[in-house]
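Trainee: Listed below are the residues making up each chain.
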Amino acid sequence: MATPVLDKAEAEAQAKAAALITVTFRVRRFNPEVSAESVWQDFQLQIDPKERVLDGLHKIKWDLDGTLTFRRSCAHGICGSDAMRINGKNRLACKTLIKDINPAKPITIEPIKGMTVLKDLVVDMEPFFQAYRDVMPFLITKDTNEPTRERLQSAEDRERFDDTTKCILCAACTSSCPVFWNDGQYFGPAAIVNAHRFIFDSRDEAGEQRLEVLNDKDGVWRCRTTFNCTDACPRGIEVTKAIQEVKRALITRRL
Amino acid sequence: MKIHKYDTVIVGAGGAGMRAAIEATKRSRTAVLTKLYPTRSHTGAAQGGMAAALANVEEDNWEWHTFDTVKGGDYLVDQDAAEILAKEAIDSVLDLEKMGLPFNRTPNGTIDQRRFGGHSRNHGEAPVRRSCYAADRTGHMILQTLYQNCVKEGVEFFNEFYVLDQLITEVDGVKRSAGVVAYELATGEIHIFQAKAVIYASGGCGKFFKVTSNAHTLTGDGQAAVYRRGLPLEDMEFFQFHPTGIWRMGILLTEGARGEGGILRNKDGERFMEKYAPVMKDLASRDVVSRSIYTEIREGRGCGPEGDHVYLDLTHLPPEQLDAKLPDITEFARTYLGIEPYTDPIPIQPTAHYAMGGIPTNVEGEVLSDNTTVVPGLYAAGEVACVSVHGANRLGTNSLLDINVFGRRAGIAAAEYAQKAHYVELPENPAQFVVDQIEQLRASTGTERVAELRRELQETMDANVMVFRTEQTIKTAVEKIAELRERYKNVAIQDKGKRFNTDLLEAVELGNLLDLAEVMAVSALARKESRGGHYREDYPNRDDVNFMRHTMAYREVGDDGTESIRLDYKPVVQTRYQPMERKY
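Going down the list, the sequences are from chains A and B. Heads up: the first sequence runs through residues 1 to 255, numbered per full-length UniProt numbering. Heads up: the second sequence runs through residues 1 to 584, numbered per full-length UniProt numbering.
Just to be clear, a hint being listed does not mean it is correct.
[To be verified] Chain A residues, not near chain B, derived (Cβ > 10 Å throughout):
hint, residue
1, Pro103
2, Gly184
3, Thr240
4, Lys241
[What the hints assert, rightly or not] Restricting the straight-line Cα-Cα distance to at most 25 Å, the calculated cross-link-like pairs of lysine-lysine (DSS-like) are:
hint, chain 1, residue 1, chain 2, residue 2
5, B, Lys480, B, Lys528
6, A, Lys89, A, Lys50
7, A, Lys59, B, Lys498
8, A, Lys113, A, Lys142
9, B, Lys496, A, Lys59
10, A, Lys59, B, Lys489
11, A, Lys59, B, Lys480
12, A, Lys142, B, Lys152
[What the hints assert, rightly or not] Interface residues of chain B toward chain A, partial, derived using beta-carbon atoms under 7 Å:
hint, residue
13, Leu36
14, Gln148
15, Gln494
Worth flagging that the hints you see were computed from the coordinates, not collected in a lab. These numbers were taken from a predicted model, which means no experiment stands behind them. Using N, Cα and C, we set each Cβ at its ideal position, and we do this for glycine too.
Excised from the complex, chain B in its bound form (with noise of 0.2 Å):
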């Protein structure tokens, strides 16, 4: 067993993670312990592009941003860091530009900017071109010019270490933050990183669905490690399904494709998003374009000779636009259906996408341990958290902001803290719950595999808590959780090896899902109302009386050793809007 002493360390190297550790790096010793080399974190497969009221092509501010997230969150945002994500918005792009991103120009040289679905002219009067895009790669450009930039400050990078514990101690009855423990992928070894302070920077979650956007390694590590020590996860029922990924594979076809001029149609033809959304159309907000797909192949009009998908349509486009805007996604229609996108339309069903909930933090990233007390030395940016800038539906194009906006403010919060910060002490045996935890799976003789239980689980979350939802299926949902639960307790792995074993990993990962699935399934069965990407159908409505707050989920062990989760509610944060009727 290794022990290290950093200043700060930050556990992922996808945009959140960089960006704190390129701020990070400049004030304070700073380590960034990610599982996958940083330039294979998901944050390369964004397409779309970043918002930010720049108003290079057409009048545009800060304050409709602000209003249009909130908006597009279901008025569950926090609106004081809503206002701040959309003002810092414009500096994070101009330092993008200047760390390289080679964004697309417009004729005089400038940022070029494209429509975003829910991104609105004037409080919703019309779209408005607010997205600034490289092509349709501009998640790719950001990771790399990130990467570049880590690369220039010198960050010091520990490739393949997986987080697996956060290491809290109690110091006059306040948790504070001590460090990590990871495991070394290609050795087998154990790490024990000492840290003023640790700033989580993981991801997200949504391998615990089937159809999803995500990498096969969005397992909700970071949200797992810090839930387990007893810190509360917030507004986990709130997932974001994207409307358009790839027939029953998932992968993700940009909003930009509709903010090109893309239309969604039904089996007959029609472009059905007119109906249900008349002034955005086919640009209303993810939640809202989901839903209509699905109640279009509810009521028979999908396509297909099973009707389970609805088309997204750009013959219509010139080719020469969608080779210059659209490139990577028409080669994917190629690639993986077969399909050219400049004659056929392309197959399309939503996918599971966003974790809006996560980690709750303030606006300076710092990580609360109830409503409203930070504990010190522990921070969180990126999907892994909530600020909530997201509320209950993220707007497309504000995730790669976010990652930005609070990715800094983390970076420099917790260097400048562990500039004045001392180390806290480890708790007595440090690693002991990883040892254990690893040396268990390694020694199991069960009979449940890794690969089976992972299926399960897929399969129940993508037919039970996915776009639609009821009491009945939340509940069938929280049941079967609880089954792969207990059988997850006798999984065996064949890789007894210490080299690279992945299949130890993928149980451990498995085990986080797991964890996580259930937090979600019981926080949507307590939220009672309808609101952005939770829809209840036996509650249609959104009840701001009831459930206008945020919802945080505890997780208890109680004196026989038996968990379970206690949920408990948070104010949000209302300033400039007062909640109305959502309409695109």
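The following block holds chain A by itself, in its conformation from the complex (with noise of 0.2 Å):
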């Protein structure tokens, strides 16, 4: 016998068709192939209330209008690839179930704000990968001596930064910043919070150094404490408080 799958699937098509709702998805489209304007475009979809956005945008994209763009690829909230604004704020589709979302009315979805639109909801990365690598991120030290074992840390030590371990790089934060939609210069709480995440590192030997980088005029000193980066942050990471972190780090210069 195989293994119980199939055995079940006709009670589970049934349980399931009992279980489905009709929602409108109201999806931003843009495609320079085809036209220099975005506009929206509804589908409507039977949906288990309990599925994610994404398996709703897969049913378009596989069932009704293959053009349909997005980026996706882990489908639970750990490879930051699907983040998108979902009625007006910025998630990850993975992470958003239909029902909490009031699937009463239509779901609206549009790519993610102050990134140059692509296709559809795809976006252009670069200037915010670009931003992540002007903070430096990765560990500096200056001994020449590296010990033999793993470098020692106190489990106190390393609770310190744990919070800004966390991020995913999707973007979700930085693109639901109104300081960054009006001034792409700014580093973006993304980039902060990378930086965060080793200033406080105890082994790191650059925290000056990334300091005097967010010390910039494009740096900490822009944010003004919104916390739109933190109510969007599908990780749970506390955004604001990590770039207030680092903004008292600048004035008393301790670690």
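Could you fit the two chains together into a complex? Lean on the hints.
Mentor: Set out below in structure tokens:
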């Protein structure tokens, strides 16, 4: 006998059909090969409300309109590919369940803001990754004598920067920031989060250099503490707090 | 069409690709071609840890680790390779720490370690704490740390470039790697990368199953490209089903949950693993636990109205421990199931997780064109490859180890080769295959849909070549795959554009999945024994007399253009350990 999957297929199909609801996905479409203008397009879907917004997008792409274009990979909130603006809020499509975003009304889906849209929900990520690279996001040590074994670090010192190690570089925070929308030169929350991750790592010895980078006119001082980034982070990182800690470190020069 | 020239080209930017890139970039002019932005790679989804006998928290040594790896792989492991894996594990972990990886720490500041399935003290006496970890996001930390170090080393990435063909030129009767052909997602442009050395590090192919922990993008592109060029694939019948995927969704819940004390229970609340593995219990190897779960389900002790899953019970663990050690997986349960793991057990079922087989290599990462001959200039590492350190069943935490040990080895070996080698001349019309493939898909007016064929493929694979297999079920799969391959010729796409045409790429990826599914099923049909992840109900015992050997599958094209699969076999390397009955 085969693995008990198909045995239950029919029962599953019936149970599923009973649970389906009708939802409208209102998607911002843009394809420069077709038109210079972006437009809204509505799609009606039969979907289980416990499914993800990403499942809905796949239903459109796979069954209705193969031209709908978006990035995705892991489908469970780890890879950071599918940050998008869902009902006006930045979220990961794979971490947002239909039932949690009022499916009675049309669900609006747009690309994240402040970045150049290339096609439908796909934006140009290069400037975002450039800002990340600019903060020197790697451990820098000055020891000429590396220890044979691991460097020691207390559990408390490790805990100090734990929150900012969770970042998956999805850009939900940066593209939710009003300062970033108005001034693309601003490093943005994600780059600061990744600087924080090293500035507060007891093993790192380039905190001063990184603080100087962020002391720049396009650095942390542009932050207006609107907390959009913290609200947007799908990993639950306290982004605004991290930015405040970097500001404080700049003032006191104590890490 | 653009032509690029590099010393070393790496295909894929997950753990193995980036670990290789750090080494190769120091030694040669290197390009990394990746279909995803590097930090999107599926290494980031690995959770539980990376094994190394650091002995930070209790007695341990690399020989015990080697033994566990060989036993875990049901003796199909090449023991020389397993010994390298276990020995070099220690420096691999220390290297990552020095690169900045934020491991969890012991009270005295060293790297903390925890228990994991199949890892034992002194050849199976009791579970041992060998897995080095960073909460339940060790893969994420490895991926981030390696990317950070690639930024530091100035590694050159070509993001969203899909490698669709491997270029091979015969020189004096020897197949040599000449480079690769890639498709640029943003523009639809085709690029030829001529390279002295090519390293495949493009990951697994789990998307031919329906319930899987694998990303949508894990479609076996590297294996398929190499296989199509007449190079063999090794041990493709061995696929790992991870015991604890979220019910119906397949999202991974780390074995570390059981390492921290989590227990599997059936509908009667019974800790059923005590029956199947009296010593290691819930921490037996993954093939054993997955089979035990399905045995419970089939004998009517599954949970839920349809009795089609069991529970992962964490409710007896203190909430602080769950918050500190398993924050991500507890969040998955809350997000996707609406379940609070502090108080409620989590419904789980086995999920297609990892390909033990792949492109055959030796311990330097050099790709083989038969049982012994190296293809000069061609390398592979990580899940795409088969060294073989995992044999018939991989131990948990050994894949994060594999990508670091053999990614590093392949990076060094390829770059050193490139330093000495000359470019091999490109074949005539090098882009022809890719140009034809893409034009055909764009121009097709066929009636078959990619999504429908993929759905049917996934359903037949789940039903017929999953945890339990028989001659009959595998034959059903072989026939179905043949039908789907025929229908695939008639597949059409809707997006005919050049820019970000993911519709087109999904069609290409489906073609790769179909090729590999066929290899898997045909290899499984011929292996008339049960070993590790390959369990045949009609041949329930391991048969060392006839099957203590690796499967080597070759694509053959007849004079009339008909394709077939030829199976050959390769001996297993045995050094220290004689095969024994496997008990946990």
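Trainee: With reference to the structure, classify each hint as holding or not holding.
Mentor: Now the hints, each set against the structure:
no.: 1; hint: Pro103; result: holds (16 Å)
no.: 2; hint: Gly184; result: holds (19 Å)
no.: 3; hint: Thr240; result: holds (20 Å)
no.: 4; hint: Lys241; result: holds (18 Å)
no.: 5; hint: Lys480(B) <-> Lys528(B); result: holds (21 Å)
no.: 6; hint: Lys89(A) <-> Lys50(A); result: holds (19 Å)
no.: 7; hint: Lys59(A) <-> Lys498(B); result: holds (22 Å)
no.: 8; hint: Lys113(A) <-> Lys142(A); result: violated (40 Å)
no.: 9; hint: Lys496(B) <-> Lys59(A); result: holds (19 Å)
no.: 10; hint: Lys59(A) <-> Lys489(B); result: holds (23 Å)
no.: 11; hint: Lys59(A) <-> Lys480(B); result: holds (24 Å)
no.: 12; hint: Lys142(A) <-> Lys152(B); result: holds (15 Å)
no.: 13; hint: Leu36; result: holds (6 Å)
no.: 14; hint: Gln148; result: holds (4 Å)
no.: 15; hint: Gln494; result: holds (3 Å)
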